[in-house]
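Asks: Once you've looked at the hints, go ahead and assemble the two chains, each given alone in its own frame, into the complex.
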Amino acid sequence: MSAPAALLTDIPWPGALHAVVLRSPHPHARITALDVAAARAMPGVRAVLTAADIPGVARFGVRVADQPFLCAEVVRCVGDPIVAIAAETRAEALAARAAVRISFAPLPVVGDPEAALAEGAWPVHPSGNLLHRLAHARGDVDAAFAAAAHVATLRLETPRQAHAFIETEGALAVPEADGRLTIYAPGHWAEAERATLAAMLAEDPARLRVVASPVGGSFGGKDCLHAQPLAALLARATGRAVRLDWTREESFAIGVKRHAAVIRMRSACDAAGRLLAQEADLLLDTGAYAQHGLEVLETAFENLQGPYAWPAFRAEARLAYTNNGVSGAMRGFGALQVQVALEQQMDALAARVGLCPLAFRRQNLRPDDAPGQLGQRLVAPSHAGLAAARLLPPQPPRDAGRWRIAEGVSLVEKGEGFAQGGPNRGAVTLAVEADGRIHVRMGLSELGQGLLEAATAAACRLLGCAADDVAVGLGDTDRTPDAGPIAASRGAGIAWRAILDARPRFLAALAARAAALGAAPGLALGPGGLWRAGGNAAEVPLAALAGARAEGVAAPVETHTGTGAVHAAFTACGAEARVAVDRVTGRARVLRLRLVPVCGPVLSPAGLRAQMEGCAAMAAGFALTEELPAREGRFRAGNLDAYLVPTLADTPEVLCDPVEQIPEDALGPRGVGEIGLNAAAPAIVTALMAAIGRPIPVLPATGERILALWEEA
Amino acid sequence: MPTLLDGRSLPEAALSVDPFRPLLAALREEWGVMSARQGCGIGRCGACLVLLDGVPALACLTPAHRAAGRAVTTAAGLDQALAARVLAALAAERAFQCGACAPGILVALTWLLAAHPETGAAEAEALLAGQLCRCAAHGGLRRALAHLFPSPSHPETRP
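Each protein sequence line maps, in turn, to chains A and B. Take the first sequence: its position 498, counting from 1, is numbered 496 in the working numbering, and each next residue is one higher. Position in the second sequence (from 1) plus 6 gives the number in the working numbering.
This is chain B alone, in the form it adopts within the complex (with noise of 0.2 Å):
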């Protein structure tokens, strides 16, 4: 099995790296892959969020050995139409200011959308908990979030 990066197949020696590496430093640092960032390094922000054979993964704690064979999908290796669906759902509401947290977000809602696409709007919020955004963008994200996914929902009970 050929090991996937966006699409595209890696070269046997590219996999030569430290096999208990982080995958985010491998493709950041060996293979030239920006479209994972990193925030924390240590799970928290969601910034690196990959998909390992269409399984969310956190890049920054999965250690590089465990992409050999697999598909690595980053931000810019997503379904294309799907993306661009979830891409202008939060552009149109501004659900990003600076950025830096958009990889990690596009990756978790192209996947939710394709995986779980009867998901409500509520329970996508829950789900993006762990994606930070610093900025607070978060109004946007919430007003996008009721495009893509009108379901309806079973919120909590609070105030």
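Chain A on its own, in the form it takes in the complex (with noise of 0.2 Å):
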């Protein structure tokens, strides 16, 4: 890493048309009046657009497409866009919006899941307000709470989450002589982006080219359109570059948030300390459209359980729409809230039983060899026993002045890759060039994780070259191959594993061009080039084998035997955390974390720390301080003066030890880049737990909620 690379949304472009858009002020309503005529006459306005100027399809989503790209009758949320204009500078799009004419006749407003989901809630889609549901149950669960010694019961209510990264939503859409569009906005799956582009321009999506990478932040709220459709749809509308950047305040208001949640668990174990049965209740309130809702509910719900071995198991989960903007993608993905609950209950049982909160996991891990948590095969299990066998046992809380210190651990493993049936394959392309450079091209982002330099490790290790040689093209639909979306920690696997097959293609290819020239055979690639066994250079440089290419795939790891949307590969993590709580103010600071994520090989040691580092202070925030609440539709923050991001004052000692060995794995290395934040959290939160006494019923868990709490107990 330099310096750090010029994000899409820095692109300076003369003469690009400034865009903005009119948004509903209201959370639900219906538009009774829209006339655009006189904005349409102000000085310097080059187009305004509405619902009815699409020219192809009008709606976009993830499994179900539910949201407008301009609303034409009715508004779901407050930000739902409706008009967009695009003119010569900023202040004359700001003129022109402030002379659009439009009246609402407001709508009852669905602002809490529960009611949305009760007999006779106004439905804010057609098709009610239930948009999914999933249920299981395994063995005897009445008989084994009937029987049980110790049982625990928590509601949980964690926050709507904010992604909060810097670099906001926005889009450059650049009309190129020869008739193509090019958008330049920071996204995760440029192919599926231009695919949604051109159905909606109605166009042959061969017309477009979308670039998607770097992006300035993203955690899951860039993973679908934001700024993108109406930067192109205006550019195609006027012929003119268009620049569209999101404010702060459209990013909180309309950008997509961590799903809120109420999870509801009932846990039973025996005299022994044996898990019998586990029943849990999740409801998720997913806003205004579905974006990646259900996925994120089935997630939930295949992490209620754990890795842990439940002989009793009933769950239900619903999502439902609200009018509470959009909730979707944000690392840790559904898994995390759950997650928080159940470590929760794990340490509740512990302690009836009397057994340290580790022992008590340990003794209940679900074997290796055993089915997933929904009875699906496994085609790489999670192997969470090694990470709890290198925990050490949290110490008792004990008190420094004002300050109480208390320890926690947690257990905890999430899917890799998608689910069953999700866009799982990847793919690569190997090319040495006249630069005499191995170019590695894949279709994914880099979004700050830490992808360019896991691919160009894989590339060293899996090919034999040096870093010097390589150079990674990613996230631009003219230049690289489709490899799906960068999400679920799947980069660095789909990198590893599409090098991996392209191996001995690409070798082979090198082998051809260096017969070609005369070159011995037998020779192998190192830096710079084919050597020799025991030579002291490489006697063919890589530049006279420009031409020499080849194409790998990373195949779906599947199993096609589970019920539903299930995973079939896992990885596990544990972590210990110590916490201060302040006896005053009920106050916590984070002071340590140690993570010990099952990963795999370790492409990156000071990446790995990098994102393991960044997961502690993501945890941190979710768990102490970071929350979105909505009252009747409208959110609480605007900006990032009401809503409290960590700082690097927040940040606490952070310390990594992955487990690197994992017997007979299929896998390679495994992303890192959400499950230290997954183990995290319940870390933290059980740290509190210990430190107070009690569980802890609402996240974040804020000074006021901790005293309550102790004044309570």
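Keep in mind that the hints were calculated from the coordinates and are not lab data. Just so it is clear, the structure is predicted and the values come from calculations on it, not from any experiment. Do not rely on the hints blindly, as some may be mistaken.
So the derived list for chain B, only partly shown, Cβ under 10 Å to chain A, looks like this [unchecked claim]:
1) M40
2) R43
3) C46
4) R50
5) C51
6) E99
7) C107
8) G110
9) E131
10) R140
11) A142
12) H144
These stretches of chain A come out as covered by chain B in the derived footprint (C-beta under 8 Å, 3 or more residues) [what the hints assert, rightly or not]:
13) 136 to 149
14) 206 to 216
We put the beta carbon where it would ideally sit given N, CA and C, even for glycine.
Replies: Structure below.
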């Protein structure tokens, strides 16, 4: 890493039109009148577009295409887009926006997911407010509870969380001389973004080019389309380059969030501390549009049992439409919410049995050769036991002045890549070019997670070349093969497995080139080119091998035997947390986190450490300070003044102890962009639980909430 | 006094922007200078930090007219030798992930190194509290600060 890359939202484009969007001020309303004639006549204005001006498909989504590019009749959340405007200057665009004549008739606001699913609730969409429901049962749950020595119950609310990446959503759409349109915008899946934009524009996708990497922070928040559609629409309408950058306020209002959740758990064990039964109910508030809500619910559901063996299990999970903004993908992806509940249950049961929380977890691990949480066959189990073996038991709480110091542990697992049926295939092209470098190209994006470095390291390790020999090209539909989305911690694994697949053909192509140049047979790729065994330098430099290329595929890791959306491969992580709780203010600080990811071969130790440190801070935010509550469809915060993300001063000491040796592993390196967060947050929460001697029912555990719990105790 | 932007003279006409627009908007939208970034627009994230006559200022809260006749320095116009030293320390310790916060942090640290090289690492860390990094590359930042500011610090007493 040298100087930070210029971001796509920082490309200067003299003469680009400035775009702004007229958005709904109401959480739920019918548009009763809309007149843009006056706005169109304003000076400097080049386009004022409504839903009627969209030539193709009007809505987008992942599995449910329910989100209008521009709303025509009904707005379903604050910030829903209605009119897109492009003008020569931003001031002219804003003046035109003010000249749009629009009126609304407010509709009942569905502001709470429980109320959304109640009889007689106003439907946010004609299909009703229950967007998705999952249920699963195994064993005799009622008999198990009846026979149990100990039962722990918990109702936990987890907060809506803002991604709050520093680069807000934005796009630059540029008409090219040959009639094509290039869209530069931070994204996760250039190929799919192009397909959706082409459908909206009613154009052949080949007429569009989407450049989606690098991304100035995402954490899942730029996984779905954001500013691209309206920038593209305005560029096509005007024939001019158009820049549309969302303000932070727009990002807060209409950018996606982590799902707020209400989780109920009842968990039972016998007198010796063997788990007997787990019962759970999960309700997620997905807001106005589906986006990744269905997948988030499925991932949450899949993690309700953790890495533990439960003889009996019964659960239901529901996903509700409301008028509370839009929730979707965020690092930790649904699993996080249920893990902070389940790990508290483990501590509660351990305390009742009188066992150390770590010993209790160890004695209840699901064996590696057992089926997955929902009975699926596993291609690559998480090996959570390898993490558990390296954790140290938490020390009992102690007081130091006004601080109470307490420790907690956690043990979690999370699917690697997507569930079955998801876009799991990955691809890479390897090509030696005239610059003497091996160009590694994949249609994935660098988000700051370190994919450039991971792909470079994978190429070096698998091919034998040096880092200087490798140039990684990402996320550009004109230049990179479709590798599926960058999501679900899959980037590093895709790079590894696709390069591994391409390796024999690539090395054969190099050998064929070398033979054509008259080189002796039996040379091997090393730094700078092909080497003779025992040689002192490359005999055939890479530049002489230009033209050698090969394609590789990372085949999906799936079993096709499970029921529904389940994973076949998992990653585990254990965590130890130490917190200090101020006994006067109730405010907590995380002092130390030790993370033990079971991640297989580490491609970059510095990159792994960076991801674990970032996960630790985001976990501290989720557990202690960050929340974006909605009241009647309006968020309490609209910018970073009222929404507190962790700063340098809030970040704990982070230690990372990866498990690199995984027996009989079918996967290779696992991504580590999420799993550290999944483990760190529950460990912080179990440490808080130890500090105050009771479960934490509402996150974030702010000072006020901790004090109130202490007083109740 | 001409107005200097990253060492180059700004033509008089360039200054005819609305004087009460934020300097950041003038930089990005009028002058095509993208090396100060808009993160929040309300002075909370620090991504737009610039130097005005050598003094740190948040470009999102500074009216454009205050740049008239002064030297505006963004991350792209910093003293090259000092900025390279800062960047090398940050890069070696992995103090950036996505890099969106980098322009402000580069400006802050290059200024601190020039103006107050005797600062200790703990004080430097406290001064960086206004520079948000959502990737939380904070461990790397701390390690880089220890290299850049080796003077003894006077840490707070807390656990």
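Asks: State the violated hints by number, sorted upward, taking the hints as numbered earlier in the document.
Replies: The structure conflicts with hint 13 only, although it agrees with all the remaining ones.
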